[in-house]
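**Student:** Sequence:
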Amino acid sequence: RGGSVSGGEGAAGGVSASELAGVFGREAGPPRIPGDGDADPVAALPVGSGPVRRGQVTPGLPSSLGPGPAEEAAIAGVPGNASGGGTEPAASDLTAVRREGGLPVLRSDPLGDGGVGGPPSLRVGLPGRFSRPESDVVQDSTSRFAAVRRTAPMPSALGGTAPLEPAEAFMQRSPTQRGRRAAEFGGGPETEEAVERALAFLARVQFPDGHWSLHAVPAESGLDSRTFAAGTMRGDTAATGLVLLAFLGAGYTHTDGKYQDVVRRGLKWLVARQQADGRLYSAAGDPDPFTKFYGHGLAAIALCEAYGMTRDPALREPGEKAVDFIVQSQHPQYGGWRYEPRRESDTSVTGWQLMALKSAEMAGLDVPPPVLEKVAHWLDLAQTENGARYMYNPHAGETPSQIHGRVPNRAMTAEGLLMRIYLGWNRTHPPLVQGADFLRGQLPDLGTPQHRLRDAYYWYYATQVMFQMQGDHWRDWNDRIRTILLETQIREGDFAGSWDPLQPVPDRWAEQAGRLYVTAVHALILEVYYRHLPLYKTLQAE
95 RGGSVSGGEG
105 AAGGVSASEL
115 AGVFGREAGP
125 PRIPGDGDAD
135 PVAALPVGSG
145 PVRRGQVTPG
155 LPSSLGPGPA
165 EEAAIAGVPG
175 NASGGGTEPA
185 ASDLTAVRRE
195 GGLPVLRSDP
205 LGDGGVGGPP
215 SLRVGLPGRF
225 SRPESDVVQD
235 STSRFAAVRR
245 TAPMPSALGG
255 TAPLEPAEAF
265 MQRSPTQRGR
275 RAAEFGGGPE
285 TEEAVERALA
295 FLARVQFPDG
305 HWSLHAVPAE
315 SGLDSRTFAA
325 GTMRGDTAAT
335 GLVLLAFLGA
345 GYTHTDGKYQ
355 DVVRRGLKWL
365 VARQQADGRL
375 YSAAGDPDPF
385 TKFYGHGLAA
395 IALCEAYGMT
405 RDPALREPGE
415 KAVDFIVQSQ
425 HPQYGGWRYE
435 PRRESDTSVT
445 GWQLMALKSA
455 EMAGLDVPPP
465 VLEKVAHWLD
475 LAQTENGARY
485 MYNPHAGETP
495 SQIHGRVPNR
505 AMTAEGLLMR
515 IYLGWNRTHP
525 PLVQGADFLR
535 GQLPDLGTPQ
545 HRLRDAYYWY
555 YATQVMFQMQ
565 GDHWRDWNDR
575 IRTILLETQI
585 REGDFAGSWD
595 PLQPVPDRWA
605 EQAGRLYVTA
615 VHALILEVYY
625 RHLPLYKTLQ
635 AE
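Here the sequence shown is numbered in my numbering, starting from 95 and rising by one per residue.
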(Lines of atoms letter the chains of each structure in order from A and count residues from 1; the text may use other names and numbers.)
(Lines give C-alpha, C1' and ligand atoms only; values in the text may rest on other atoms or scores of the structure.)
Protein backbone atom coordinates (compact mmCIF):
# COMPACT_ATOMS: atom_id res chain seq x y z
CA ARG A 1 0.00 0.00 0.00
CA GLY A 2 2.74 2.39 0.94
CA GLY A 3 4.49 3.37 -2.26
CA SER A 4 3.56 1.31 -5.29
CA VAL A 5 1.38 2.44 -8.15
CA SER A 6 -0.79 0.52 -10.59
CA GLY A 7 1.29 -1.46 -13.00
CA GLY A 8 3.88 -2.75 -10.55
CA GLU A 9 6.28 -1.52 -7.96
CA GLY A 10 8.34 1.35 -9.20
CA ALA A 11 5.72 2.23 -11.84
CA ALA A 12 5.79 1.60 -15.54
CA GLY A 13 8.24 3.39 -17.71
CA GLY A 14 10.89 3.78 -15.00
CA VAL A 15 9.04 6.44 -13.04
CA SER A 16 9.22 6.09 -9.28
CA ALA A 17 6.22 6.56 -7.03
CA SER A 18 7.74 9.75 -5.65
CA GLU A 19 8.23 11.16 -9.15
CA LEU A 20 4.71 10.26 -10.06
CA ALA A 21 3.35 11.88 -6.93
CA GLY A 22 5.19 15.02 -7.90
CA VAL A 23 3.19 15.49 -11.06
CA PHE A 24 -0.05 13.59 -10.54
CA GLY A 25 -1.90 14.32 -7.36
CA ARG A 26 0.83 16.51 -5.95
CA GLU A 27 -1.64 17.69 -3.39
CA ALA A 28 -4.63 15.66 -2.23
CA GLY A 29 -7.14 18.37 -2.80
CA PRO A 30 -9.16 20.44 -5.24
CA PRO A 31 -8.21 22.61 -8.15
CA ARG A 32 -6.23 25.52 -6.87
CA ILE A 33 -4.91 28.83 -8.15
CA PRO A 34 -1.11 28.65 -8.46
CA GLY A 35 0.82 31.11 -6.39
CA ASP A 36 3.94 33.10 -7.20
CA GLY A 37 6.86 30.86 -7.96
CA ASP A 38 4.68 27.80 -8.40
CA ALA A 39 6.48 25.29 -10.57
CA ASP A 40 3.32 23.44 -11.52
CA PRO A 41 3.78 22.61 -15.23
CA VAL A 42 0.12 23.21 -16.01
CA ALA A 43 -0.28 26.44 -14.09
CA ALA A 44 -1.47 29.73 -15.60
CA LEU A 45 -0.38 29.40 -19.20
CA PRO A 46 -1.38 32.38 -21.39
CA VAL A 47 -4.36 31.91 -23.63
CA GLY A 48 -3.45 31.62 -27.29
CA SER A 49 0.15 30.62 -26.64
CA GLY A 50 0.06 28.23 -29.56
CA PRO A 51 -0.43 24.52 -30.01
CA VAL A 52 1.73 21.89 -28.39
CA ARG A 53 3.14 19.28 -30.76
CA ARG A 54 2.21 15.68 -30.00
CA GLY A 55 5.80 14.76 -29.34
CA GLN A 56 6.46 17.65 -27.01
CA VAL A 57 6.42 16.88 -23.31
CA THR A 58 4.79 19.46 -21.12
CA PRO A 59 7.56 21.58 -19.54
CA GLY A 60 8.52 20.28 -16.15
CA LEU A 61 7.28 16.70 -16.65
CA PRO A 62 9.62 13.69 -16.77
CA SER A 63 10.22 12.68 -20.35
CA SER A 64 8.96 9.17 -19.59
CA LEU A 65 5.51 10.66 -19.04
CA GLY A 66 5.32 12.07 -22.53
CA PRO A 67 2.92 10.49 -25.05
CA GLY A 68 4.25 7.29 -26.58
CA PRO A 69 2.78 5.21 -29.41
CA ALA A 70 0.06 3.71 -27.25
CA GLU A 71 -0.95 7.13 -26.06
CA GLU A 72 -0.97 8.49 -29.59
CA ALA A 73 -3.31 5.65 -30.51
CA ALA A 74 -5.53 6.40 -27.56
CA ILE A 75 -5.65 10.06 -28.50
CA ALA A 76 -6.67 9.09 -32.01
CA GLY A 77 -9.50 6.98 -30.62
CA VAL A 78 -7.85 3.55 -31.22
CA PRO A 79 -8.74 1.02 -28.49
CA GLY A 80 -5.92 -0.49 -26.55
CA ASN A 81 -3.73 -0.09 -23.54
CA ALA A 82 0.00 -0.37 -23.50
CA SER A 83 -0.01 -1.60 -19.96
CA GLY A 84 -1.71 -4.82 -20.95
CA GLY A 85 -5.20 -4.33 -19.60
CA GLY A 86 -6.75 -3.63 -16.25
CA THR A 87 -8.78 -0.74 -15.03
CA GLU A 88 -6.11 1.27 -13.22
CA PRO A 89 -3.87 3.54 -15.32
CA ALA A 90 -0.18 2.75 -15.34
CA ALA A 91 2.35 5.54 -15.29
CA SER A 92 2.61 5.44 -19.05
CA ASP A 93 -1.13 6.03 -19.33
CA LEU A 94 -0.75 9.54 -17.94
CA THR A 95 -0.53 11.70 -21.05
CA ALA A 96 0.19 15.34 -21.60
CA VAL A 97 -2.28 16.35 -24.30
CA ARG A 98 -3.84 19.53 -25.59
CA ARG A 99 -7.34 19.90 -26.91
CA GLU A 100 -7.95 22.54 -29.54
CA GLY A 101 -8.05 25.96 -27.96
CA GLY A 102 -6.91 24.63 -24.59
CA LEU A 103 -3.68 24.08 -22.71
CA PRO A 104 -1.56 21.11 -21.69
CA VAL A 105 -3.07 19.15 -18.85
CA LEU A 106 -2.12 15.92 -17.14
CA ARG A 107 -4.87 13.36 -17.68
CA SER A 108 -5.47 9.80 -16.53
CA ASP A 109 -6.69 7.52 -19.32
CA PRO A 110 -8.08 4.34 -17.74
CA LEU A 111 -9.27 1.63 -20.07
CA GLY A 112 -13.01 1.58 -20.80
CA ASP A 113 -15.67 1.75 -23.48
CA GLY A 114 -15.26 4.88 -25.51
CA GLY A 115 -12.53 6.09 -23.20
CA VAL A 116 -14.80 6.15 -20.16
CA GLY A 117 -12.86 4.81 -17.22
CA GLY A 118 -15.78 3.84 -15.02
CA PRO A 119 -19.51 4.09 -14.48
CA PRO A 120 -20.89 7.63 -14.36
CA SER A 121 -21.35 9.06 -10.89
CA LEU A 122 -24.84 9.42 -9.50
CA ARG A 123 -23.77 12.76 -8.10
CA VAL A 124 -22.89 14.56 -11.29
CA GLY A 125 -23.14 18.29 -10.78
CA LEU A 126 -22.94 18.24 -6.99
CA PRO A 127 -20.01 20.10 -5.44
CA GLY A 128 -17.21 17.74 -4.51
CA ARG A 129 -15.89 17.31 -1.00
CA PHE A 130 -12.68 19.00 -2.02
CA SER A 131 -14.23 22.28 -3.15
CA ARG A 132 -12.42 25.23 -1.67
CA PRO A 133 -13.25 28.91 -1.16
CA GLU A 134 -10.55 29.92 -3.63
CA SER A 135 -12.61 28.39 -6.43
CA ASP A 136 -14.70 31.54 -6.25
CA VAL A 137 -11.75 33.81 -7.08
CA VAL A 138 -12.12 35.57 -10.44
CA GLN A 139 -8.98 36.06 -12.54
CA ASP A 140 -8.47 39.61 -13.75
CA SER A 141 -6.03 38.65 -16.50
CA THR A 142 -6.31 36.70 -19.74
CA SER A 143 -4.79 33.49 -18.45
CA ARG A 144 -6.02 30.03 -17.72
CA PHE A 145 -5.15 27.51 -15.07
CA ALA A 146 -5.77 23.79 -15.24
CA ALA A 147 -8.78 22.36 -13.47
CA VAL A 148 -7.39 19.00 -12.38
CA ARG A 149 -10.20 16.47 -11.80
CA ARG A 150 -9.27 13.09 -10.40
CA THR A 151 -10.70 10.09 -12.20
CA ALA A 152 -8.81 7.55 -10.10
CA PRO A 153 -8.46 7.06 -6.35
CA MET A 154 -6.16 9.51 -4.58
CA PRO A 155 -3.17 8.47 -2.48
CA SER A 156 -3.99 7.98 1.19
CA ALA A 157 -1.85 9.53 3.87
CA LEU A 158 -2.13 6.24 5.77
CA GLY A 159 -1.37 4.00 2.80
CA GLY A 160 -3.62 2.76 0.02
CA THR A 161 -5.98 5.04 -1.84
CA ALA A 162 -9.06 7.02 -0.92
CA PRO A 163 -11.91 7.71 -3.38
CA LEU A 164 -13.35 11.16 -3.62
CA GLU A 165 -16.88 10.94 -2.27
CA PRO A 166 -17.77 10.38 1.39
CA ALA A 167 -20.61 8.17 2.51
CA GLU A 168 -24.02 9.83 2.23
CA ALA A 169 -24.33 10.32 6.00
CA PHE A 170 -21.25 12.57 6.11
CA MET A 171 -21.64 14.70 2.98
CA GLN A 172 -23.21 17.66 4.79
CA ARG A 173 -19.92 18.24 6.66
CA SER A 174 -18.31 19.49 3.46
CA PRO A 175 -16.80 22.99 3.76
CA THR A 176 -19.11 24.00 0.92
CA GLN A 177 -22.18 22.97 2.92
CA ARG A 178 -21.26 23.71 6.53
CA GLY A 179 -22.24 27.36 6.53
CA ARG A 180 -25.54 26.73 4.78
CA ARG A 181 -26.43 23.90 7.14
CA ALA A 182 -25.53 25.97 10.18
CA ALA A 183 -27.72 28.85 9.01
CA GLU A 184 -30.59 26.49 8.20
CA PHE A 185 -30.66 24.91 11.65
CA GLY A 186 -29.94 27.84 13.93
CA GLY A 187 -26.23 28.51 13.74
CA GLY A 188 -24.37 31.05 11.65
CA PRO A 189 -21.06 32.85 11.17
CA GLU A 190 -20.56 33.28 14.92
CA THR A 191 -20.88 29.59 15.67
CA GLU A 192 -18.63 28.71 12.74
CA GLU A 193 -15.97 31.15 13.91
CA ALA A 194 -16.16 29.66 17.40
CA VAL A 195 -15.63 26.18 15.98
CA GLU A 196 -12.59 27.32 14.02
CA ARG A 197 -11.09 29.00 17.09
CA ALA A 198 -11.59 25.82 19.10
CA LEU A 199 -9.99 23.64 16.43
CA ALA A 200 -6.99 25.95 16.20
CA PHE A 201 -6.49 25.58 19.94
CA LEU A 202 -6.87 21.80 19.82
CA ALA A 203 -4.34 21.55 16.99
CA ARG A 204 -1.91 23.54 19.10
CA VAL A 205 -2.04 21.08 22.02
CA GLN A 206 -1.47 17.92 19.96
CA PHE A 207 1.63 16.01 21.01
CA PRO A 208 4.30 15.45 18.34
CA ASP A 209 3.49 11.74 18.05
CA GLY A 210 -0.13 12.57 17.20
CA HIS A 211 -2.03 11.98 20.44
CA TRP A 212 -3.84 14.30 22.83
CA SER A 213 -3.96 14.10 26.61
CA LEU A 214 -6.50 14.94 29.29
CA HIS A 215 -3.86 15.31 31.98
CA ALA A 216 -0.89 16.92 30.23
CA VAL A 217 0.03 19.62 27.74
CA PRO A 218 2.90 19.34 25.22
CA ALA A 219 5.92 21.52 25.82
CA GLU A 220 5.84 22.45 22.13
CA SER A 221 2.58 24.34 22.68
CA GLY A 222 4.33 26.97 24.79
CA LEU A 223 1.49 26.82 27.31
CA ASP A 224 2.03 26.82 31.05
CA SER A 225 0.93 23.47 32.45
CA ARG A 226 0.32 25.12 35.83
CA THR A 227 -2.47 27.27 34.40
CA PHE A 228 -3.70 24.89 31.72
CA ALA A 229 -6.31 23.34 34.04
CA ALA A 230 -5.62 19.80 32.91
CA GLY A 231 -7.63 16.90 34.26
CA THR A 232 -6.55 14.12 36.56
CA MET A 233 -7.75 11.19 34.44
CA ARG A 234 -5.16 9.41 32.32
CA GLY A 235 -6.74 8.23 29.12
CA ASP A 236 -4.89 9.25 25.97
CA THR A 237 -7.06 7.07 23.73
CA ALA A 238 -10.21 8.79 24.97
CA ALA A 239 -8.63 12.23 24.56
CA THR A 240 -7.37 11.48 21.04
CA GLY A 241 -10.65 9.98 19.88
CA LEU A 242 -12.65 12.88 21.30
CA VAL A 243 -10.52 15.58 19.69
CA LEU A 244 -10.47 13.79 16.34
CA LEU A 245 -14.26 13.78 16.40
CA ALA A 246 -14.20 17.57 16.67
CA PHE A 247 -12.04 17.88 13.54
CA LEU A 248 -14.02 15.27 11.61
CA GLY A 249 -17.30 16.88 12.67
CA ALA A 250 -16.21 20.08 10.94
CA GLY A 251 -15.32 18.23 7.74
CA TYR A 252 -11.55 18.05 8.22
CA THR A 253 -10.00 14.70 7.32
CA HIS A 254 -6.53 13.24 6.83
CA THR A 255 -6.85 13.65 3.06
CA ASP A 256 -8.02 17.24 2.75
CA GLY A 257 -8.17 20.59 4.48
CA LYS A 258 -5.84 22.73 6.53
CA TYR A 259 -5.79 20.21 9.38
CA GLN A 260 -5.09 17.11 7.31
CA ASP A 261 -1.68 16.59 8.94
CA VAL A 262 -3.18 17.00 12.42
CA VAL A 263 -5.90 14.45 11.69
CA ARG A 264 -3.50 12.09 9.93
CA ARG A 265 -1.12 11.98 12.89
CA GLY A 266 -3.98 11.40 15.29
CA LEU A 267 -5.38 8.53 13.23
CA LYS A 268 -1.95 6.96 12.78
CA TRP A 269 -1.41 7.08 16.55
CA LEU A 270 -4.68 5.21 17.13
CA VAL A 271 -4.07 2.62 14.42
CA ALA A 272 -0.49 1.97 15.53
CA ARG A 273 -1.67 1.13 19.04
CA GLN A 274 -4.59 -1.07 18.11
CA GLN A 275 -4.25 -4.55 19.59
CA ALA A 276 -4.71 -7.79 17.66
CA ASP A 277 -8.20 -8.27 19.11
CA GLY A 278 -9.23 -4.79 17.93
CA ARG A 279 -9.08 -2.91 21.22
CA LEU A 280 -7.78 0.63 20.92
CA TYR A 281 -6.74 1.26 24.52
CA SER A 282 -3.53 0.11 26.17
CA ALA A 283 -2.12 -0.17 29.67
CA ALA A 284 0.56 2.39 28.85
CA GLY A 285 -1.66 5.06 27.37
CA ASP A 286 -4.76 4.41 29.45
CA PRO A 287 -3.75 3.40 32.98
CA ASP A 288 -7.01 4.73 34.43
CA PRO A 289 -9.40 1.73 34.32
CA PHE A 290 -12.44 4.00 34.11
CA THR A 291 -11.35 5.56 30.80
CA LYS A 292 -10.54 2.41 28.82
CA PHE A 293 -13.93 1.62 27.32
CA TYR A 294 -14.83 5.28 26.94
CA GLY A 295 -11.59 5.57 25.01
CA HIS A 296 -12.31 2.59 22.82
CA GLY A 297 -15.78 3.85 21.95
CA LEU A 298 -14.58 7.36 21.13
CA ALA A 299 -11.63 6.12 19.08
CA ALA A 300 -13.82 3.62 17.23
CA ILE A 301 -16.24 6.40 16.29
CA ALA A 302 -13.30 8.45 14.98
CA LEU A 303 -11.96 5.58 12.86
CA CYS A 304 -15.39 4.79 11.43
CA GLU A 305 -16.16 8.44 10.65
CA ALA A 306 -12.75 8.98 9.05
CA TYR A 307 -13.31 5.90 6.91
CA GLY A 308 -16.84 6.97 6.00
CA MET A 309 -15.69 10.46 5.05
CA THR A 310 -12.77 9.32 2.88
CA ARG A 311 -13.36 5.64 2.07
CA ASP A 312 -9.65 5.19 2.74
CA PRO A 313 -8.98 1.42 2.60
CA ALA A 314 -6.21 1.84 5.15
CA LEU A 315 -8.89 2.63 7.73
CA ARG A 316 -11.39 -0.07 6.87
CA GLU A 317 -9.68 -2.93 8.69
CA PRO A 318 -8.91 -0.91 11.86
CA GLY A 319 -12.53 0.26 11.90
CA GLU A 320 -13.85 -3.27 11.41
CA LYS A 321 -11.59 -4.64 14.13
CA ALA A 322 -12.66 -1.90 16.54
CA VAL A 323 -16.32 -2.71 15.87
CA ASP A 324 -15.69 -6.44 16.24
CA PHE A 325 -14.13 -5.81 19.65
CA ILE A 326 -17.24 -3.90 20.72
CA VAL A 327 -19.44 -6.76 19.52
CA GLN A 328 -17.37 -9.38 21.34
CA SER A 329 -17.24 -7.28 24.53
CA GLN A 330 -21.01 -6.82 24.90
CA HIS A 331 -22.49 -8.24 28.09
CA PRO A 332 -24.32 -11.42 27.01
CA GLN A 333 -27.32 -10.89 29.32
CA TYR A 334 -27.56 -7.17 30.06
CA GLY A 335 -26.70 -6.07 26.53
CA GLY A 336 -24.48 -3.12 27.44
CA TRP A 337 -20.84 -2.33 28.21
CA ARG A 338 -18.87 -1.01 31.14
CA TYR A 339 -15.20 -1.02 32.14
CA GLU A 340 -14.20 -4.56 31.13
CA PRO A 341 -15.28 -6.83 28.26
CA ARG A 342 -18.46 -8.79 28.96
CA ARG A 343 -18.59 -7.61 32.58
CA GLU A 344 -21.48 -5.44 33.77
CA SER A 345 -23.15 -2.59 31.90
CA ASP A 346 -23.97 1.07 32.44
CA THR A 347 -25.83 3.59 30.31
CA SER A 348 -22.91 6.01 30.01
CA VAL A 349 -20.33 3.62 28.54
CA THR A 350 -23.01 1.85 26.50
CA GLY A 351 -23.94 5.09 24.76
CA TRP A 352 -20.47 5.56 23.29
CA GLN A 353 -20.31 1.97 22.06
CA LEU A 354 -23.69 2.32 20.36
CA MET A 355 -22.59 5.55 18.69
CA ALA A 356 -19.55 3.66 17.37
CA LEU A 357 -21.79 0.91 15.99
CA LYS A 358 -24.08 3.44 14.31
CA SER A 359 -21.09 5.34 12.89
CA ALA A 360 -19.87 2.04 11.46
CA GLU A 361 -23.24 1.47 9.81
CA MET A 362 -23.23 4.98 8.36
CA ALA A 363 -19.75 4.33 6.97
CA GLY A 364 -20.90 1.12 5.30
CA LEU A 365 -19.41 -1.36 7.76
CA ASP A 366 -21.34 -4.40 8.97
CA VAL A 367 -22.96 -4.48 12.41
CA PRO A 368 -24.83 -7.64 13.49
CA PRO A 369 -28.50 -6.75 14.19
CA PRO A 370 -28.65 -8.87 17.38
CA VAL A 371 -26.07 -6.57 18.96
CA LEU A 372 -28.39 -3.59 18.55
CA GLU A 373 -31.31 -5.61 19.87
CA LYS A 374 -29.33 -6.31 23.04
CA VAL A 375 -28.66 -2.58 23.47
CA ALA A 376 -32.41 -2.01 23.38
CA HIS A 377 -32.72 -4.65 26.11
CA TRP A 378 -30.25 -2.72 28.27
CA LEU A 379 -32.29 0.43 27.81
CA ASP A 380 -35.38 -1.47 28.89
CA LEU A 381 -33.54 -2.36 32.10
CA ALA A 382 -32.31 1.21 32.69
CA GLN A 383 -35.52 3.08 31.87
CA THR A 384 -38.23 4.53 34.07
CA GLU A 385 -41.56 6.13 33.17
CA ASN A 386 -41.97 3.74 30.22
CA GLY A 387 -38.77 4.97 28.61
CA ALA A 388 -39.00 8.72 29.22
CA ARG A 389 -36.20 8.73 31.84
CA TYR A 390 -33.00 6.70 32.28
CA MET A 391 -30.62 5.78 35.09
CA TYR A 392 -26.91 5.09 35.07
CA ASN A 393 -27.02 1.51 36.35
CA PRO A 394 -30.06 -0.33 37.74
CA HIS A 395 -27.66 -2.93 39.19
CA ALA A 396 -25.57 -0.40 41.12
CA GLY A 397 -24.58 -1.30 44.64
CA GLU A 398 -26.34 -0.02 47.72
CA THR A 399 -23.34 1.85 49.11
CA PRO A 400 -23.61 5.65 49.49
CA SER A 401 -21.16 6.13 46.61
CA GLN A 402 -23.10 3.89 44.22
CA ILE A 403 -26.79 3.98 45.08
CA HIS A 404 -27.31 7.17 43.06
CA GLY A 405 -26.75 5.07 39.93
CA ARG A 406 -30.24 3.69 40.36
CA VAL A 407 -31.82 7.14 40.23
CA PRO A 408 -32.65 8.60 36.79
CA ASN A 409 -30.82 11.83 36.03
CA ARG A 410 -30.80 14.33 33.19
CA ALA A 411 -27.48 13.26 31.61
CA MET A 412 -28.43 9.59 31.44
CA THR A 413 -31.92 10.54 30.26
CA ALA A 414 -30.45 12.52 27.36
CA GLU A 415 -28.04 9.73 26.46
CA GLY A 416 -30.73 7.06 26.74
CA LEU A 417 -33.15 9.02 24.57
CA LEU A 418 -30.53 9.54 21.87
CA MET A 419 -29.86 5.81 21.86
CA ARG A 420 -33.58 5.17 21.48
CA ILE A 421 -33.68 7.55 18.52
CA TYR A 422 -30.83 5.74 16.79
CA LEU A 423 -32.49 2.42 17.50
CA GLY A 424 -35.68 3.49 15.76
CA TRP A 425 -38.00 5.40 18.06
CA ASN A 426 -40.20 7.82 16.14
CA ARG A 427 -40.27 11.47 17.11
CA THR A 428 -43.96 11.18 17.98
CA HIS A 429 -43.43 8.17 20.27
CA PRO A 430 -45.03 9.28 23.58
CA PRO A 431 -42.11 8.34 25.90
CA LEU A 432 -39.69 10.19 23.61
CA VAL A 433 -41.88 13.29 23.60
CA GLN A 434 -42.20 13.06 27.39
CA GLY A 435 -38.45 12.72 27.77
CA ALA A 436 -37.78 15.64 25.43
CA ASP A 437 -40.24 17.73 27.41
CA PHE A 438 -38.23 16.92 30.54
CA LEU A 439 -35.02 18.08 28.84
CA ARG A 440 -36.78 21.24 27.70
CA GLY A 441 -37.42 21.96 31.36
CA GLN A 442 -33.68 21.50 32.03
CA LEU A 443 -32.25 24.01 29.57
CA PRO A 444 -28.50 24.73 29.69
CA ASP A 445 -27.50 26.86 32.64
CA LEU A 446 -24.16 27.57 34.29
CA GLY A 447 -25.65 27.82 37.76
CA THR A 448 -23.59 29.32 40.58
CA PRO A 449 -20.45 28.21 42.45
CA GLN A 450 -22.74 27.06 45.24
CA HIS A 451 -25.25 25.35 42.90
CA ARG A 452 -23.36 24.13 39.84
CA LEU A 453 -25.41 23.29 36.77
CA ARG A 454 -22.70 23.41 34.12
CA ASP A 455 -22.36 19.94 32.57
CA ALA A 456 -20.83 19.58 29.09
CA TYR A 457 -21.61 15.86 29.08
CA TYR A 458 -25.31 16.48 29.58
CA TRP A 459 -25.29 19.35 27.11
CA TYR A 460 -23.63 17.18 24.44
CA TYR A 461 -26.23 14.43 24.50
CA ALA A 462 -29.25 16.66 25.09
CA THR A 463 -28.21 18.93 22.21
CA GLN A 464 -28.36 15.97 19.84
CA VAL A 465 -31.72 14.79 21.18
CA MET A 466 -33.28 18.23 20.80
CA PHE A 467 -31.73 18.66 17.36
CA GLN A 468 -33.40 15.44 16.28
CA MET A 469 -36.72 16.60 17.75
CA GLN A 470 -36.50 19.99 15.96
CA GLY A 471 -39.49 22.33 16.42
CA ASP A 472 -39.94 24.17 19.72
CA HIS A 473 -37.73 21.72 21.57
CA TRP A 474 -34.78 22.58 19.34
CA ARG A 475 -35.47 26.31 19.14
CA ASP A 476 -35.54 26.76 22.92
CA TRP A 477 -32.52 24.55 23.51
CA ASN A 478 -30.41 26.00 20.71
CA ASP A 479 -31.06 29.60 21.74
CA ARG A 480 -29.71 28.84 25.21
CA ILE A 481 -26.74 26.59 24.44
CA ARG A 482 -25.50 28.76 21.57
CA THR A 483 -25.55 31.87 23.75
CA ILE A 484 -23.72 30.24 26.65
CA LEU A 485 -20.95 28.74 24.52
CA LEU A 486 -20.35 31.88 22.48
CA GLU A 487 -20.23 34.08 25.58
CA THR A 488 -17.85 31.87 27.55
CA GLN A 489 -15.29 30.95 24.88
CA ILE A 490 -11.91 32.59 25.45
CA ARG A 491 -11.09 34.98 22.60
CA GLU A 492 -7.62 36.31 23.52
CA GLY A 493 -4.40 35.22 25.18
CA ASP A 494 -2.62 31.89 25.47
CA PHE A 495 -5.82 29.90 25.76
CA ALA A 496 -7.76 31.61 22.97
CA GLY A 497 -10.25 29.25 21.36
CA SER A 498 -10.67 27.09 24.45
CA TRP A 499 -13.16 27.09 27.29
CA ASP A 500 -12.01 27.34 30.89
CA PRO A 501 -13.29 24.25 32.73
CA LEU A 502 -13.32 26.15 36.05
CA GLN A 503 -14.66 29.59 35.15
CA PRO A 504 -17.14 31.19 35.50
CA VAL A 505 -18.52 28.03 37.17
CA PRO A 506 -16.70 24.67 37.24
CA ASP A 507 -17.97 22.05 34.83
CA ARG A 508 -19.22 18.86 36.44
CA TRP A 509 -16.18 16.96 35.13
CA ALA A 510 -13.67 19.83 35.26
CA GLU A 511 -11.38 18.22 37.81
CA GLN A 512 -11.26 14.85 36.09
CA ALA A 513 -11.19 15.82 32.41
CA GLY A 514 -10.02 19.44 32.30
CA ARG A 515 -9.69 22.03 29.55
CA LEU A 516 -9.15 19.67 26.62
CA TYR A 517 -12.36 17.80 27.38
CA VAL A 518 -14.67 20.81 27.70
CA THR A 519 -13.16 22.47 24.62
CA ALA A 520 -13.59 19.41 22.41
CA VAL A 521 -17.12 18.70 23.66
CA HIS A 522 -18.20 22.33 23.25
CA ALA A 523 -16.84 22.33 19.69
CA LEU A 524 -18.86 19.19 18.95
CA ILE A 525 -21.97 20.86 20.32
CA LEU A 526 -21.47 23.83 17.99
CA GLU A 527 -21.04 21.43 15.05
CA VAL A 528 -24.45 19.87 15.65
CA TYR A 529 -25.98 21.84 12.77
CA TYR A 530 -24.19 19.70 10.18
CA ARG A 531 -22.40 16.89 11.99
CA HIS A 532 -25.41 14.59 11.56
CA LEU A 533 -28.60 15.01 9.57
CA PRO A 534 -31.92 15.30 11.42
CA LEU A 535 -33.15 11.73 11.06
CA TYR A 536 -36.84 12.53 11.10
CA LYS A 537 -36.59 15.34 8.57
CA THR A 538 -34.67 13.01 6.28
CA LEU A 539 -37.28 10.28 6.60
CA GLN A 540 -40.10 12.73 5.95
CA ALA A 541 -38.35 14.03 2.83
CA GLU A 542 -37.88 10.50 1.54
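Check the hints yourself; a few may be wrong.
[Said to hold, decoys possible] Quick list of in silico lysine-lysine cross-link-like pairs, BS3-like style, CA-CA up to 27 Å:
1. LYS452 <-> LYS468
2. LYS415 <-> LYS468
3. LYS362 <-> LYS415
4. LYS352 <-> LYS362
5. LYS415 <-> LYS452
6. LYS362 <-> LYS452
Everything labelled a hint here was simulated from the structure, so no lab data went into it. Since the model is a prediction, treat every value here as computed from it, not as a measurement.
**Student:** Would the pair LYS415 and LYS468 pass a check requiring their Cα atoms to be no farther apart than 27 Å?
**Tutor:** At roughly 20 Å apart (the allowed maximum being 27 Å), LYS468 and LYS415 satisfy the hint.
**Student:** Taken at face value, is the distance from the CA of LYS452 to the CA of LYS362 at most 27 Å?
**Tutor:** 22 Å, holds
**Student:** Holds or violated: LYS352 and LYS362, Cα atoms, limit 27 Å.
**Tutor:** Holds. LYS352 to LYS362 sits at ~17 Å (cutoff 27 Å).
**Student:** Taking only the CA atoms, is the gap from LYS415 to LYS452 under or equal to 27 Å?
**Tutor:** 15 Å, holds
**Student:** Is LYS452 close enough to LYS468, meaning Cα to Cα at most 27 Å?
**Tutor:** Judged against 27 Å, a Cα distance of about 14 Å means the pair holds.
**Student:** Straight-line Cα separation of LYS362 and LYS415 no greater than 27 Å?
**Tutor:** 15 Å, holds
When the structure is compared with the earlier hints, no violation turns up for any of them.
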